[in-house]
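Number of protein chains: 2
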Amino acid sequence: MAKGITKREVNYSQWYNDIIQKAQLAENSAVRGSMVIKPYGYAIWENMRDQLDKMFKATGHVNAYFPLFIPKSFFNKEASHVEGFAKECAVVTHYRLKNDEKSGKIVVDETAKLEEELIVRPTSETIIWDSYKRWIQSYRDLPILVNQWANVVRWEMRTRLFLRTAEFLWQEGHTAHATKQEAVAEAEKMIGIYRDFAENYMAMPVLVGKKTANERFAGADDTYTIEAMMQDGKALQSGTSHFLAQNFAKAFDVKFANEKGELEYVWASSWGVSTRLIGALIMAHSDDNGLVLPPKLAPLKVVIVPVYKKIEDLKTIDTYANKIVDTLTNAGISVKYDNDDKFKPGYKFAEYELKGVPVRLTLGMRDIENNQIELVRRDTLEKSFVSLENVAQQIPQLLDDIQASIYNKAKDFRDSHTYTTDNWEEFKTIIEKGGFVNAHWDGTTETELKIKEQTKATIRLIPENNQPESGKCILTGKPSKQRVIFAKAY
Amino acid sequence: MAKGITKREVNYSQWYNDIIQKAQLAENSAVRGSMVIKPYGYAIWENMRDQLDKMFKATGHVNAYFPLFIPKSFFNKEASHVEGFAKECAVVTHYRLKNDEKSGKIVVDETAKLEEELIVRPTSETIIWDSYKRWIQSYRDLPILVNQWANVVRWEMRTRLFLRTAEFLWQEGHTAHATKQEAVAEAEKMIGIYRDFAENYMAMPVLVGKKTANERFAGADDTYTIEAMMQDGKALQSGTSHFLAQNFAKAFDVKFANEKGELEYVWASSWGVSTRLIGALIMAHSDDNGLVLPPKLAPLKVVIVPVYKKIEDLKTIDTYANKIVDTLTNAGISVKYDNDDKFKPGYKFAEYELKGVPVRLTLGMRDIENNQIELVRRDTLEKSFVSLENVAQQIPQLLDDIQASIYNKAKDFRDSHTYTTDNWEEFKTIIEKGGFVNAHWDGTTETELKIKEQTKATIRLIPENNQPESGKCILTGKPSKQRVIFAKAY
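Quick mapping for you: the protein sequence lines, in order, are chains L and S.
The first sequence maps to residues 1 to 490 in my numbering.
The second sequence maps to residues 1 to 490 in my numbering.
For the record, the hints were derived by calculation from the structure and aren't laboratory data.
Being a predicted model, the structure only gives us computed values, none of them experimental.
Built from N, CA and C at the ideal position, the CB exists for glycine as well.
Any given hint could be a false lead.
[As the list claims (entries may be wrong)] Pairwise CB distance ranges, derived in the manner of DEER restraints:
#, chain 1, residue 1, chain 2, residue 2, range
1, L, Glu389, S, Ser138, 34 to 44 Å
2, S, Asp100, L, Asn99, 32 to 42 Å
3, L, Gly261, S, Arg164, 33 to 43 Å
4, S, Lys57, L, Lys102, 43 to 53 Å
5, L, Asn99, S, Glu446, 15 to 25 Å
6, S, Glu83, L, Asp338, 37 to 47 Å
7, L, Asp338, S, Ala404, 37 to 47 Å
8, L, Ala404, S, Met157, 50 to 60 Å
9, L, Lys102, S, Gly261, 37 to 47 Å
10, S, Glu262, L, Lys456, 50 to 60 Å
11, L, Thr380, S, Glu83, 55 to 65 Å
Can you build the whole structure from these sequences, using the hints too?
Following this line, the structure appears as structure tokens:
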């Protein structure tokens, strides 16, 4: 492309980076693995966050904020959690800098060493359950339905903008319940909310199910996941929800008096999605011309570009354009009339295409004479002329159509790249090419790891409502009770 | 008080802590100086944040997100900035933990030492200007009007919930401009927005002006401030906006080509408010019964409590109460009908009083017969009976009245505790008792520091539009050109 975006078929990975750079979504910073989320990327995150926040609150959750730092000893308290999270993380050891008289530079003040090191939170179960111990005495204090919007840090060795960064933004829900059933129901409800969000706002179809024991969250008895397919056929885990049983309650000694006055450990769930979803959004829908955004999450839904030769004509066009702006604004649809004379229409077209604005309207003097306006859909790049008088009224329906169309395209893509096989060679070929494979598995972690070693494919999930089906494991030939979904993943 | 709140006149400081604890706003955590913001406290912060965010966006600002960590060397680049900020901060030195085989505990992996230490941001000028160097080439790239909502860490030795914590939440605006005039205008515009927010949303009158050179932000040529008076007569700096001149542009070598193609350094401003404002809100308005919240920031504006003897009566009351709920909800007023049978009305009254809900309605069978409902304003605790049919329609006006009344009360308090004196003994007496003092100052940092040493009073600000007035310095008797505001401060 003229715009300097590598084509997907040439180099998918470079295409992804090009989109992020050209659409000004994010960039690498001076700190290894930490990204800067630029205003346009952040505006998309704000739309995601606001919608999710609304959905969390509508289901009875409230927000709170817990410390960034976690005492190192907290990670020792939950045995499997420490294995999963206390390894690659940022460790604060000192709390003061000083001037070094020799070099004239600032250095760490060795006298200001912390007695106990602090870990920058990679996830907050431990520090939150330390609070819950103070909050929970009786069944009357339950359930606790708390969510936190925060930054977290995991010292990833190989990072990629949005998909895997040392620091990222996310939300983490942490709930406490009187019974196992309630905690399980909460974990299931939240994966349902993530599915709803992914499908109906991100226009991204997802599979819903459980992770295998090997792929579970460190500290969970069950991890629910939503998995989406990217345009290279790889899976992207887009949100997880965990049934934590009484693991953290036991680690932090959090008990409640039930209605009979007996002390019991509290049951828990946790669930989260992150700025990784922006990576998913890009890779699920965008094309070789730039971003394609589902209207429900697009910071700008409609742009109007005037085309004129004489600057006097611009005034006439302004009048008509501003009427459309008013109508759309009143309907709550974000719209921009870009009559900046410094840039040519062609430059603007390319710019808004890059940025994935769902609808572009172009208006010139001839159009006004003909009582029409040119309309271009970003998803299909289809051009049409519509009545100048009615265009604003038609936009809401059009945005709905675009939203549905983007979803359907992604779903068709996923469905046509989802295979069922009982043949190991075929399995390897499909995984190599990219796609989801529905295959039998003998249920052991050993086999799961061998398959990963040989093909890089992991078990993405055991689908919900999976049909029991007798068969033979794709690798070992041992008996299998059900098929599971394999894929290479981000 | 029966509710366990220390009276202000007995121990103001303990009163403040009691309010925070009883209204469940925040608590100390396991990490020294880091607080947990509990759901009710966070809901107030969300209201503040959303309103400020709206005001920032309405004035052309966009949000972005920059890294939590700042390379240590960045602090060496701006000479005065390093003095002010690179001292008491959290230093990340390692990026991995490992299991210690002897103890079975996790320890810092000494082989995973960072080449350059990372500082947890105490403020983000440096890391942001490192980005701006990439963003700015030409005058066409200016202005940049970016804001960030983030957590920051300053290793404070003496901490107090909300007022001074090691970690806190805030927003920090960082703007870049082609001219000095524009940058100054931006700094002034933003202190104006903070004033608007403090006065019209927090119902907290503030003085606006400039800081003395000694009290300026480290790296600024000018610091604008809003200062509020708390109920003990002390000042609380509630927001600051800085004209940074070309200091950070020079430190990070950020130049732009002007319209003539000449390279110039970029001009800058930065501005911020934090969760400290919650502390200000508490101390400005609350009383010995608990929180008093201005309606515009109250998470819950109206609560309806039913009073009944027989559970059958509750159904009748429900019908009437739900009508009020519907009307208020449709008007966009947050309301809760608390018909939870587990708690007595008296308990509920105390609870909502503690939490500062602006309006409480109480409805019983007798009221329904009389077509009336009991209404209690939280600010004055005045009780009245209003028509059951019309109550919902009256609420919006009543909320406006409460908002204005809280503001006026705070303003009367401040005005009656603001003094003008030319007598040093009187000056000391007033400062000791608490209040703002308008006094002459000879303009030197030396005198400013001596006054602080002897009285703990600092110069809070040089008021905007200050009238020139010849006089003698309150301490030294040297010539003075104007009065400035002195007070003890949080």
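Now for the hints, and whether the structure bears them out:
1. L:Glu389 - S:Ser138: 34 to 44 Å: Once the Cβ atoms are compared, 41 Å apart, the range 34 to 44 Å for serine 138 of chain S and glutamate 389 of chain L holds.
2. S:Asp100 - L:Asn99: 32 to 42 Å: The hinted range 32 to 42 Å holds for aspartate 100 of chain S and asparagine 99 of chain L, with Cβ atoms some 35 Å apart.
3. L:Gly261 - S:Arg164: 33 to 43 Å: 42 Å, holds
4. S:Lys57 - L:Lys102: 43 to 53 Å: 49 Å, holds
5. L:Asn99 - S:Glu446: 15 to 25 Å: 24 Å, holds
6. S:Glu83 - L:Asp338: 37 to 47 Å: 45 Å, holds
7. L:Asp338 - S:Ala404: 37 to 47 Å: About 42 Å separates the Cβ atoms of aspartate 338 of chain L and alanine 404 of chain S, which means 37 to 47 Å holds.
8. L:Ala404 - S:Met157: 50 to 60 Å: Check passed, 58 Å falls within 50 to 60 Å.
9. L:Lys102 - S:Gly261: 37 to 47 Å: Between lysine 102 of chain L and glycine 261 of chain S, where Cβ atoms are some 44 Å apart, the hint holds.
10. S:Glu262 - L:Lys456: 50 to 60 Å: Since the Cβ atoms of glutamate 262 of chain S and lysine 456 of chain L sit about 55 Å apart, the hinted range of 50 to 60 Å holds.
11. L:Thr380 - S:Glu83: 55 to 65 Å: Holds, since threonine 380 of chain L and glutamate 83 of chain S (Cβ atoms, about 58 Å apart) stay within the stated range.
In this structure, every one of the numbered hints holds.
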